[in-house]
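Participant: Sequence:
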Amino acid sequence: MNNYNLASRSNNAIKKKKRRRRLLLGFLILLFLSAITFFGYILVKTYQVSSSAFNDIDGRDGKSELRDEPVYISTDPFSVLLLGIEDYSDDYDQGRSDSILVATFNPEFQTMKLLSIPRDTLVDIPGYDQDKINHSYADGGKELVIETVEDFLDIPIDYYATVNFDGFKNIIDIVGGVTVDVPFTFDDINSKWDRFYFEEGKQKLNGEEALVYARMRKKDPRGDFGRNMRQRQIITGLIDKLSSPSTLLKIDDIADEVGTNIQTNMRMKEALAFRKKYPDFNSSSIEQLELTGEDYNNSYGTYYFIPSEESLNEVKQTLASHLELGLSSSNETAESTTIETSGQ
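Position 176, counted from 1, in the sequence shown is what the working numbering calls 176; the numbers after and before it change by one each time, with no gaps.
It should be emphasised that the hints constitute simulated quantities derived from the structure, not laboratory data. Certain hints may be false.
Listed next, with one range per pair, are the computed distances between beta-carbon atoms [said to hold, decoys possible]: (1) Glu310 - Tyr128: 22 to 32 Å; (2) Arg222 - Lys63: 40 to 50 Å; (3) Lys276 - Arg195: 38 to 48 Å; (4) Tyr296 - Ser74: 35 to 45 Å; (5) Phe186 - Leu66: 42 to 52 Å; (6) Phe186 - Ser74: 41 to 51 Å.
Cut-off 25 Å, straight-line C-alpha distance, at most; resulting in silico cross-link-like pairs (DSS-like, lysine-lysine) [to be verified]: (7) Lys202 - Lys241; (8) Lys192 - Lys169; (9) Lys204 - Lys241; (10) Lys63 - Lys316; (11) Lys250 - Lys277; (12) Lys192 - Lys204; (13) Lys250 - Lys276; (14) Lys219 - Lys169; (15) Lys169 - Lys250; (16) Lys204 - Lys250; (17) Lys218 - Lys169; (18) Lys276 - Lys63; (19) Lys241 - Lys269; (20) Lys241 - Lys277; (21) Lys192 - Lys218; (22) Lys202 - Lys219; (23) Lys169 - Lys204; (24) Lys169 - Lys202; (25) Lys169 - Lys241.
Quick reminder that beta carbons are idealized off the backbone N, C-alpha and C, glycines included.
With these hints in hand, go ahead and build the complete structure from the sequences.
Facilitator: Set out below in structure tokens:
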């Protein structure tokens, strides 16, 4: 791995705003998974939504370069890269991918593996040396993110979906909110400094409340682990709501939000094939994976996350197995991420 000067390219003026939103964008991209579970029910509306949301991957001939043959949702395991994108008028033109998730599906077991890649993970970005993985979107759009993730995890990325932040609150409100089991009493504020209160026990949340509930970290005695648990509550509650028969009554409104806020290379016929092949897909079908590692701050105060070799190997093998890929000996051992700290 080439040495790289780890000077920060972050913009401090928008740092706080991005931190508030980056965690919640992860929820919004999961709407893509939920959306395709009910696309099979939409007739004319499906065509309208899929047409406005479709955006192919430049430079591809129908498959990943890591595939010998194209995959078919109706018969093959496949992968989806989910990107939560937020544009900044005073930042790079394309914005940055503030949430990066990889989902793999296996039709035999009717399951999904879901990995969240921390946005500050130090990786090799093809053509740009080492940097935070979320910078790959600013450097080269979805195509470079896909290539970077494929190199990082040693698996093909078959589909992608980018999701904007704006639709998240609206969709939760459309489905009538989500119910969570609040683990302890706390309060927190949103980006407008409005304060929200959460009482221990069952509580139904609207879209704005769900955003605040999911992003709180400092008041949770379990820190990031507690926050991740609350995020999963929102995710599973929303997926179950979107998968329920009552959602059909609100399909037009939800479809409008999906068409406005999602871009993907999954065509309508493939979304329909997913619905047919995974008819009972819900939150219980999901297994969440996690990368562990160490935090690193360079002499400029720039923060990076460096996954451990053991954790990265385990995640790579789990995803490859779920995709039914043969792991060669060269791929079975991941090179650990190294950094040059002298002179910084």
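Participant: For each hint, tell me whether it holds in the structure or not.
Facilitator: Taking the hints in turn, this is what the structure says about them:
Checking the proposed 22 to 32 Å range against Glu310 and Tyr128 shows it holds: the Cβ atoms sit about 27 Å from each other. Distance hint check: the CB atoms of Arg222 and Lys63 are about 42 Å apart, consistent with the given range 40 to 50 Å. Between Lys276 and Arg195 the Cβ separation comes to about 46 Å, which falls inside the hinted range of 38 to 48 Å. Take Tyr296 and Ser74: their Cβ atoms lie about 44 Å apart, and the range 35 to 45 Å holds.
Checked against the hint of 42 to 52 Å, the C-beta distance between Phe186 and Leu66 comes to roughly 44 Å, which is consistent with it. In this structure, Phe186 and Ser74 meet the distance hint of 41 to 51 Å, their C-beta atoms being roughly 45 Å apart. At most 25 Å may separate the alpha-carbon atoms for a hinted pair to count; Lys202 and Lys241 meet this at roughly 16 Å. The hinted pair formed by Lys192 and Lys169 meets the criterion: a straight-line CA distance of about 15 Å does not exceed 25 Å.
Between the alpha carbons of Lys204 and Lys241 the distance comes to roughly 13 Å, so the proposed pair stays at or under 25 Å and holds. Among the hinted pairs, Lys63 with Lys316 is consistent with the structure: their alpha-carbon atoms are about 20 Å apart, no more than 25 Å. As the CA atoms of Lys250 and Lys277 are separated by approximately 23 Å, the hinted pair is consistent with the 25 Å bound. In summary, the hint linking Lys192 to Lys204 is supported, as the alpha carbons are separated by about 21 Å, within the 25 Å threshold.
Of the supplied pair hints, the one linking Lys250 and Lys276 holds, its CA atoms being roughly 21 Å apart against a limit of 25 Å. The hinted pair formed by Lys219 and Lys169 meets the criterion: a straight-line CA distance of about 23 Å does not exceed 25 Å. Distance check on the hinted pair: Lys169 and Lys250 sit about 15 Å apart at the alpha-carbon level, within 25 Å; holds. Between Lys204 and Lys250, the direct Cα distance comes to roughly 19 Å. Compliance with the 25 Å bound is thereby established for this hinted pair.
Using a Cα cut-off of 25 Å, the hinted pair Lys218 and Lys169 holds, with the two alpha carbons roughly 23 Å apart. Distance hint between Lys276 and Lys63 is fulfilled; the C-alpha atoms sit about 22 Å from each other, no more than 25 Å. Simply put, Lys241 and Lys269 have alpha-carbon atoms about 24 Å apart, close enough for the 25 Å limit, and the pair holds. With a CA separation close to 20 Å, the supplied pair Lys241 and Lys277 stays within the 25 Å bound.
Annotation: proposed proximity of Lys192 to Lys218 holds, straight-line Cα distance about 18 Å (limit 25 Å). For the suggested pair Lys202 and Lys219, the alpha carbons sit about 19 Å apart, so the restraint of at most 25 Å is met. For the given pair, Lys169 sits about 14 Å from Lys204 by alpha-carbon distance, which is consistent with the 25 Å threshold. A hinted pair counts as satisfied when its Cα atoms are at most 25 Å apart, and Lys169 with Lys202 qualifies at roughly 20 Å.
Pair hint Lys169 plus Lys241 holds up; C-alpha atoms about 14 Å apart against a cutoff of 25 Å.
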